[in-house]
Amino acid sequence: MKIELCNRSVLITGAGSGIGREVAFACARRGARLWLVDIDASGVQRTAMLCSMLGARAEARVVDVSSTPSMRALADEVHQCEGALDVLVNNAGVGVAGNLVETDLSAWDFAYGVNVKGVVHGCRLFGAEMVAAKRGGHIMNVASAAGLLAPRGMSVYAATKFAVVGLSESLRAELRPHGIAVTTLCPGVVDTAIVRNTRLEGSLAERSGFNERMAAVYKRRGYGPGRVAAVALAAIEQGRSGVLPVTPEAWGMYLAKRLAPEFVGLLTARGGLI
Amino acid sequence: MPLPTRSKSAHSLDGSDLLRPEHLEGFRRAQALAYRCAEAVEKELRPGMTEQDVARCIEAWLADHGVHGYFHRPFAWFAERTALRGLRTDLAFLPSKRRLEDGMPVILDVAPIVEGYACDIGYACKLGSSPLHDQMLRDLMPHRQCILDGVRAQKDMSRIYREVDLLIAQQGYENRHKRYPFSVLAHRVSYTPPAAHSERAFLGFGLSALAFLVPKVLASAGGKGAVQSPLWNGHRRCDHPVTPGLWAVEPHLGFADVGVKWEELLVVDEAGDAYWLDDDLPHVRRVATLGGTRARLTLCGGAS
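One line per chain: the protein sequences are R and S, in this order. Heads up: take any position in the first sequence, counting from 1, add 11, and you land on my numbering. Heads up: take any position in the second sequence, counting from 1, add 383, and you land on my numbering.
Think of the hints as simulated: they come from the structure by calculation, not from any bench. Here the structure is a predicted model, which means the values were calculated and not measured. Even for Gly, the Cβ is constructed at its ideal location relative to N, Cα and C. Some hints here could point you the wrong way.
[To be verified] Keeping only pairs whose Cα atoms sit at most 20 angstroms apart, straight-line, the calculated EDC-like set for lysine to aspartate or glutamate is:
(1) R/K128 x R/D51
(2) S/K538 x S/D652
(3) S/K561 x S/D640
(4) S/K426 x S/D436
(5) R/K230 x S/E546
(6) R/K268 x R/E185
(7) R/K230 x S/D539
(8) R/K230 x S/D548
(9) R/K145 x R/E248
(10) S/K538 x R/E93
(11) R/K230 x S/D652
(12) S/K426 x S/D447
(13) R/K145 x R/E93
(14) S/K561 x S/E463
(15) R/K145 x R/E15
[Claimed, not checked] Here are some chain R residues the structure puts well away from chain S; computed CB gaps all over 12 angstroms:
(16) S81
(17) V176
(18) R232
(19) Q249
[As the list claims (entries may be wrong)] Examples of chain R residues lying across from chain S (beta carbon under 10 angstroms, computed):
(20) R32
(21) G54
(22) E180
Go ahead and model the full structure; you've got the sequences and the hints to work with.
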C-alpha cells in the first residue's frame with residue numbers, strides 16, 4: 012500500500028543518531044508527524060529540535076526499547092494522542108563483536124534485548140493497533156547485511172539480525188491481509204555511531220583502538236546514513252514489502268548466500284573481524 | 384621610471400617566522416578589516432542582488448580601503464549554495480548569477496592581503512529571519528573550542544579533523560568543508576612583502592597564494608618527515624600535530640539547504656600552544672545575542 016507521508020504519524024526508534032535520525036529528517040521534510048524514540052536523551056531531543064526546524068511536529072521520548080513496561084507506556088501515550096500509527100520504524104540497535112566462544116552470555120542478553128525484543132515490542136504493541144484500525148500502514152524493521160550473511164566475529168550481532176529477518180518474514184505474511192507492508196531493511200557498511208559504540212568481547216576487547224579503526228574503515232567506505240534513509244523512505248512511500256538490502260555489498264552478500272552458499276562459507280571462514 | 388625590483392629580503396614568510404608581535408598585529412588588522420567589510424556588505428544585501436553583484440560590492444569596499452590583492456577573490460553564496468549543494472566542479476564555487484531572496488542564508492568568504500598580510504574570513508548571515516540559521520550559528524561555536532583544545536593537547540591534525548566530524552554528526556549536521564578542494568578544515572596563511580606580491584589571480588586564487596601553497600602541497604606528498612602540508616584535512620599526510628604558524632580555520636556545517644561557517648586565524652607557536660588571533664569577531668560576539676533553543680552539545684573528546 013503506497014503512503015504519502017504528509018500529516019501521517021510515524022514512530023522511529025533509535026532516532027537519536029545515524030539511520031534513525033536521517034529517516035526522521037526525511038519524514039520531517041515530507042510533513043509527517045513524528046514520534047522519536049531513543050535511550051540517548053540529548054541525541055533524540057536534538058533530532059526532534061531539528062525536525063521542528065524543518066516544519067514538522069516532532070515529539071521526543073527517552074525510552075529503552077528492551078524494556079516491556081517502558082514500551083507499553085510509550086504505546087499507550089502514542090495511541091492516546093494519535094490513534095494507530097501509519098508507519099513504524101524499528102531501527103534501534105546495538106553492536107557486539109567477538110568470537111562466540113569468548114563472548115560473555117551477558118552480551119547475548121544485551122544485544123537480544125535491544126535488537127530483537129525491541130523490534131518485537133514495537134511490532135506487537137503498535138502492530139496490533141494498526142491491525143485494529145483497519146487503515147493499513149507500514150512497518151519497517153532495520154536488520155543488517157549481517158542478518159543475511161554472518162561473518163566471523165559477529166555471531167551475537169548476526170544472530171539478532173537473523174532473528175529480525177526471520178520474524179519480519181513471518182510478520183509480513185500475517186499482516187498482508189490487513190494491508191500493512193513489512194520491510195526488512197538490511198544496510199551494509201554504513202558510517203554510523205553503532206560501530207564506534209560496538210561492545211567488544213574476548214580477544215577483540217584487548218585490541219586497543221579497534222572501535223576507532225573500524226569506524227575509520229566505515230567512514231572511508233563513505234556510505235552515509237542519509238543514503239540509507241532515502242532508500243527506506245522510497246520503500247515506505249511505494250509500499251514495498253520484503254527484504255531490502257542497502258549498499259552494494261549488502262546486495263552482494265544477499266545474492267551470494269543464495270546462489271553460492273558453500274563458496275561464501277569458505278570465504279567467511281577465512282575473513283571477518285578476527 | 385625604474386620598475387620595482389624584487390629585493391633579496393622580499394620573500395614570503397610563514398610558519399614560526401610569523402609569530403613575532405609585529406606580524407601578528409598585521410594579520411589581526413587584516414582579519415579585522417575583512418570582517419568589517421563583510422559586516423558592511425551584509426547591510427547592503429537586498430533581494431534581487433546576484434552573488435556576482437555581492438562579490439563586486441566586497442571588492443569595491445576593500446578597494447576603497449586600500450586593498451587590491453587577494454589570497455583568494457571574494458566568494459558569495461546564497462541559499463543551498465551556502466551548504467555547497469550542487470557544486471559539481473570547483474569552478475562552481477565562483478560567484479554565480481543566483482539572485483538573493485528574502486529568507487535565504489548567505490555566506491561571504493573573502494581573503495584580502497593587507498600590507499602583505501594574508502587573511503581569510505568566512506561570514507554567515509541571512510536576509511530576513513531563520514530560526515534554523517540562528518541555531519546553526521550557535522552550533523558552530525563549540526567547534527571553536529573543540530579545535531583549540533585539540534591543538535593544545537597536541538593531537539594529530541587528522542585526529543582533530545575526525546573529532547570535528549564527530550561533533551558535526553552528533554549535532555545532526557553534515558560536514559561541508561569536506562567539499563572544499565582537498566577537503567580542508569584549515570590552511571596556512573603567509574606574509575608576502577608588498578613589493579613581491581602579484582595582484583593577478585587564477586580560478587579565484589591569488590597567484591601569490593598559489594605560489595605559497597602549491598609547492599608546499601607537492602613537497603608534502605613526500606610522506607612523513609618531508610615538508611609538512613599547509614593544508615589541514617583528515618588524510619594520513621596530517622598525522623602529526625599542528626605545525627607552528629598561522630592557520631585559517633573554517634568549519635562549515637550543512638543541514639537541508641542551509642550552510643554556515645566561520646573562518647578565522649589560529650596562532651600556533653613552537654611550544655605547541657595555540658590561541659585564536661582575535662576574540663573580537665562577529666561570530667563570537669553575535670552568539671551572545673542569539674536567543675531561542677539551547678540544545679545540549681557534546682564537545683570533542685566526550686566532554687559536554
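Quiz item: Given the hinted pair S/K426 and S/D436, is their alpha-carbon gap at most 20 angstroms?
Solution: holds (14 angstroms)
Quiz item: Does the claim that R/R232 lies outside the interface with chain S hold up, using a Cβ gap greater than 12 angstroms?
Solution: At about 14 angstroms from chain S, R/R232 clears the 12 angstroms cut-off, so the statement holds.
Exercise. For the pair supplied as a hint, S/K538 and R/E93, confirm whether the alpha-carbon distance does not exceed 20 angstroms.
Key: Roughly 50 angstroms separates the two Cα atoms, so the pair is violated.
Exercise. Say whether it holds or is violated: R/Q249 keeps its Cβ farther than 12 angstroms from all Cβ of chain S.
Key: holds (23 angstroms)
Quiz item: Does the nearest C-beta of chain S fall within a distance shorter than 10 angstroms of the C-beta of R/R32?
Solution: holds (6 angstroms)
Exercise. Take a quick look at whether S/K538 and S/D652 sit within 20 angstroms of each other, Cα to Cα.
Key: Since the Cα atoms of S/K538 and S/D652 sit roughly 15 angstroms apart, the hinted pair holds (cutoff 20 angstroms).
Quiz item: Taken at face value, is the distance from the CA of S/E546 to the CA of R/K230 at most 20 angstroms?
Solution: holds (13 angstroms)
Quiz item: Given the proposed pairing of R/K230 with S/D548, does the C-alpha separation stay at or below 20 angstroms?
Solution: The given pair, whose Cα atoms are some 10 angstroms apart, holds under the 20 angstroms limit.
Exercise. Grab the minimum C-beta distance from R/E180 to chain S and call the hint holds if it beats 10 angstroms, violated otherwise.
Key: violated (33 angstroms)
Quiz item: Given the hint that S/K561 pairs with S/E463, does the C-alpha gap stay at or below 20 angstroms?
Solution: holds (16 angstroms)
Quiz item: Is R/K230 close enough to S/D539, meaning Cα to Cα at most 20 angstroms?
Solution: With Cα atoms ~18 angstroms apart, R/K230 and S/D539 stay inside 20 angstroms; holds.
Exercise. Given the hint that R/K145 pairs with R/E93, test it: the Cα-Cα distance must not exceed 20 angstroms.
Key: holds (15 angstroms)
Hint check: violations occur at hints 6, 10, 11, 22; the rest are consistent with the structure.
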